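So the protein lines, in turn, are chains F and R.
Heads up: the first sequence begins at 32 in my numbering, then just goes up one per residue.
Heads up: the second sequence begins at 32 in my numbering, then just goes up one per residue.
Hints were generated in silico from the structure; no laboratory data involved.
Note that this is a predicted model, so its numbers are computed, not measured.
Every residue gets a Cβ at the ideal spot worked out from N, C-alpha and C, and that includes glycine.
Mixed in with the good hints there might be a few duds.
[Unchecked claim] Cβ-Cβ distance ranges computed for the label pairs, FRET-style: (1) R/146 <-> F/300: 52 to 58 Å; (2) F/126 <-> R/344: 40 to 46 Å; (3) R/281 <-> F/210: 44 to 50 Å; (4) R/213 <-> F/362: 54 to 60 Å.
There are 2 protein chains.
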Amino acid sequence: MSNPVLVEVQRGALTESRHRGSLAVVDADGATVLALGDVAAPVYPRSAVKPLQALPLIESGAADRFGFGDEELALACASHGGEPAHVAVAARMLARAGLDVDALECGTHWPSHQPSAQALARSGGAPSALHNNCSGKHAGFLCVACAAGVDHHGYVGARHPVQREVKAAIDSLTGIGVSEDACGIDGCSIPTWAVPLAALAHAFARFGSGQGLAPERAKAAARLRAAIAAQPYFVAGTGRFCSEIMRLLGVRALVKTGAEGVYCAALPVEGLGIALKCDDGGTRAAEVTMAAAIARFLPLPDEERAVLDRFVRPTLRNWNGVEVGGLRPVAPLAG
Amino acid sequence: MSNPVLVEVQRGALTESRHRGSLAVVDADGATVLALGDVAAPVYPRSAVKPLQALPLIESGAADRFGFGDEELALACASHGGEPAHVAVAARMLARAGLDVDALECGTHWPSHQPSAQALARSGGAPSALHNNCSGKHAGFLCVACAAGVDHHGYVGARHPVQREVKAAIDSLTGIGVSEDACGIDGCSIPTWAVPLAALAHAFARFGSGQGLAPERAKAAARLRAAIAAQPYFVAGTGRFCSEIMRLLGVRALVKTGAEGVYCAALPVEGLGIALKCDDGGTRAAEVTMAAAIARFLPLPDEERAVLDRFVRPTLRNWNGVEVGGLRPVAPLAG
């Protein structure tokens, strides 16, 4: 089965590149509102489920015990750019639990936010695990382990109690018990369990609305949603799609990117969840697809729609700033 | 028409992503040896034709007049990483023509070679147009203009005499007069004319063998091939696919990457040209496809084949260095 072309890249008079993919829009009852391509095949959700992976941080009582506010909770759901403010909050989360950077098992990379990487180099510094885009999530995992009084070493392993809690939360929200075999290792070394897009979208519809969730879980989801809406900068960073979209739409859209072209979203007011994957793993096409899906399903005043449209049809500029082309969603996505 | 899947990305037990594309392998007579997908559709060749774009630098006499050796000629064909040695040679080329960085019209970006970018930041520096991956090609264009005594200002424009020479060379090698309408603007602001993959592969078969070319053009192509084979580092840089493949194979393979998943190659001994495009523009899949095509059409001793196979089936490692998956070519590419 061949997934449809969802996004085209134009340059001059020609379509230069094409991205195929699949997309599921599902309501909190599990009814499919839109399905493009194969939405039943298992997909590694990667970082797109970080908001779901953060549920144990609240449900375990760890977030309260360590006095976490919106910044910490947003960073626990983040794929951040390693900007100084991101690094500072990650360090603060660890310190509250009596830990430091050495406890992180996510690995080290330079900040993806280029000005921050350049400033770090200019100061003679080098990156630490705090700069890893997942450091907030990992700090959250460590806090869950500490609050539960379990040894945090090896917390990234699929058999560690923290990852069992995380898997249980995702299984419960998606409504399916994901097979232990359908497991990959993520960039930050934690397990990523493959889930069909339709089930992922269903999970985000529930996460966004609270519908069908136990009261404590619905409360935890609402608290994470509020934190993310209040501090979208801490979920990604300067100029990043997730942060910009949520700065524009606030509580009306929760969006989260994952590696290899995955994107998930909740539209709480509409009671909808969205999950998509670009076949080839391309982030640029996943962003356009998500923007187009939001534009189609979220009623917006003209002014906000005009801002959103810049993400639906982004322009491409060359090194001299000359517009040379752009991306655009294609039917049937454009609706 | 849907191009076939050429490359799969594995993680754990699942195929996580898939790249479709098209590939043409053609001999110097224009006979198709292998065609996968649509090889008749026009494709912007982008930087993959830099070796062809450098022909006027030699044929005009500019390379001799300015005393260019292998390093300069290889850099004129390069998409380099902005490493210090690349920048030094680009500056030297300009100086020979009595010009400096201010004459470059390619725009500025940070070195793509990350250690070089970090070292530049650490020194308190900032990038110039010399760090642009195309600075060697642009220095070559400027030298052509200077040698011909034409005003170099605006040399990136499609109507400038330098670009007319470049287009004439490509038209001649591909054997087709590319329509003026099938023109996009490249990342470095020069025109990129769309050519079918089959014609691009034919051009590289001719460029690699000299067959069917006028004696002066065959000589110019041979000189560029020799320069590239002698100095593959200057065509890309440390750890880059083009440089590593040519360091391994020397005069037996000339390979050149282009943006948006284009790759071209000549296998001079076999008399073959290769041109491919990954539909989605993904470089990682274009590299695997090129490596697989070389492995299929170039007879190699076991030891070299084992080295090449690391590019045919590269592994993916996460931030802790753990192997989490890999890329692999799929039938019919694997042959």
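Results for each hint:
Under the hint 52 to 58 Å, the C-beta atoms of residue 146 of chain R and residue 300 of chain F, about 48 Å apart, miss the expected range. Between residue 126 of chain F and residue 344 of chain R, the C-beta spacing of about 44 Å keeps the proposed range 40 to 46 Å intact. Checked against the hint of 44 to 50 Å, the pair residue 281 of chain R and residue 210 of chain F passes, with Cβ atoms roughly 49 Å apart. Under the hint 54 to 60 Å, the C-beta atoms of residue 213 of chain R and residue 362 of chain F, about 25 Å apart, miss the expected range.
Consistency with the previously given hints fails for numbers 1, 4, ordered from lowest to highest.
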